[in-house]
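When you get a sec, could you build the whole thing from the sequences and use the hints?
Taking my numbering, the leading residue of the sequence shown gets 20, the next gets one more, and so forth.
You may find that some hints are simply not true.
[Unchecked claim] Below 20 Å or equal to it, Euclidean Cα-Cα: the simulated DMTMM-like pairs (lysine to aspartate or glutamate) are: (1) Lys313 with Asp431; (2) Lys254 with Asp129; (3) Lys98 with Glu463; (4) Lys313 with Glu226; (5) Lys98 with Glu226.
Derived by calculation from the structure, the hints in this document are not laboratory data.
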Amino acid sequence: MTHHPLTKMDEPQAPLPEDTPTSSADVASPPRRILRGIRTFESFTHRDYTYFFFGALLSNIGTWTQTVALGWVVYQLTKSSSSLGMVNFLSGIPIFVLTIFAGSLADQVDRRKLLIWAQVVLMGQAAAFAYLNQSGHITMGWIYGLSLAGGVVSAFMFPSWQAMVPDLVPRSSLLNAIALSSAQFNAARLVGPLVTAAIIAAFQSNEQLGITMVFIVNGVSFIFVIWALAVIRPKQEKHVSKDGESAFRKLIAGFSYARQHPHVAMHLLTAVMLTIFGMPFMTLLPVLAAQTLKLGSAGYSSLMGFNGMGALIGALAVASLPRSVRRERIIRYALVSMALGIFVLAFSRTYVITAVMLVLLGAAFLACVSSINTNLQTAVPNELRGRVMALFVICFMGMMPFGSLAFGALGDIIGVTWAIFAGAIVLLGYSGVLLMRPRLLCPEDTRC
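Take a look at the structure:
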């Protein structure tokens, strides 16, 4: 399953009428009654969700192995940061263009079948990468084309994937299921790069074959999620817009609401700033690893794993915070931490310092994004939540390809170190404004 970093965001889910089982899997056997007593894992008492969870986990691990390996292949072919930026742009731009319309489609079609066919196509993409790499026929043209195709499939798959979770558990388990899905994605983000490093290390005498094996592993990983989707029987209700409002008009309504509520607009602007200026270091990491730290593919893969470790730590830390801790404060300090961490990362010349900074950045990024997401969902009325959250997806995920493209080109012009530094300076300036004017993120009628 192909996902952009953090595609398992806690998007609003359609309310379920009652806490009735949503699939045939909700009959609890004795081991499931034991699990139900451990609330952290209560969603695993539902068979269909359990299959879905572990199928997605294995597939996401495979996806992260390919993400890391592909970045290295692009750098080895071009030695160019702008090429890395273009690959990220092509794989991400369909999300910006198509997500709002794909969300409407997800309510009208059989989501399970759509997801199965999407996995089949993405399996074909992995097979194509494996063949092209091992045969020596891989070129940037092929990489650009396959990346764009994968992005289009992912854009249509993403809303259906998000909407599937409420079809698998009763309403009483929904928040737990969403939290477990988020943890699953971040665990894959940690494990995937480490698997890549291990595979490449095992084939250290033949790096080309090692990279090919990574693509094969990703292709095989789709079997697990396809099997899970084939055996589950989610209870899906198709929805038809009662007011006849188009997806585009719903998006405009989201803009209108944000304009009328400055704190909502500031949360969306913060997501844009974080994405454009705080994330491009990930695009440039292959160049930083090879040129500055003199690392090979295995070393680069391990650095990606450290960033995933930080994201997992951040997810657990935010989930453990008491409700009395204001999310606005988390956003402000996480932004400052990211800006300072990116600054140190830009000028780091040792593996250890770079690894530590990547852990910090992963944790700060996750804390910031999840807090923005939570604040938006709790601040917006139910009838407008879908519209505003669609806008959030565009401001966050939809802006990523533009940041990658711009900073990739900037890296070729002024060097990767100074490109990363430039992003840190802008982010630090923006976070400074939020620190000096903390009420910008707060609702008008609350103390902050």
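- Going straight from one Cα to the other, do Lys98 and Glu226 come out at no more than 20 Å? At roughly 17 Å apart (the allowed maximum being 20 Å), Glu226 and Lys98 satisfy the hint.
- Could you grab the alpha-carbon distance between Lys313 and Glu226 and see if it respects the 20 Å cut-off? 16 Å, holds
- Taking only the CA atoms, is the gap from Lys98 to Glu463 under or equal to 20 Å? 50 Å, violated
- Is the straight-line distance between the alpha-carbon of Lys254 and that of Asp129 20 Å or less? 10 Å, holds
- Query: Under the criterion that the straight-line Cα-Cα distance not exceed 20 Å, is the pair Lys313, Asp431 satisfied?
  - Reply: Cα-Cα ~18 Å, so holds.
Checked against the numbered hints above, the structure violates only hint 3.
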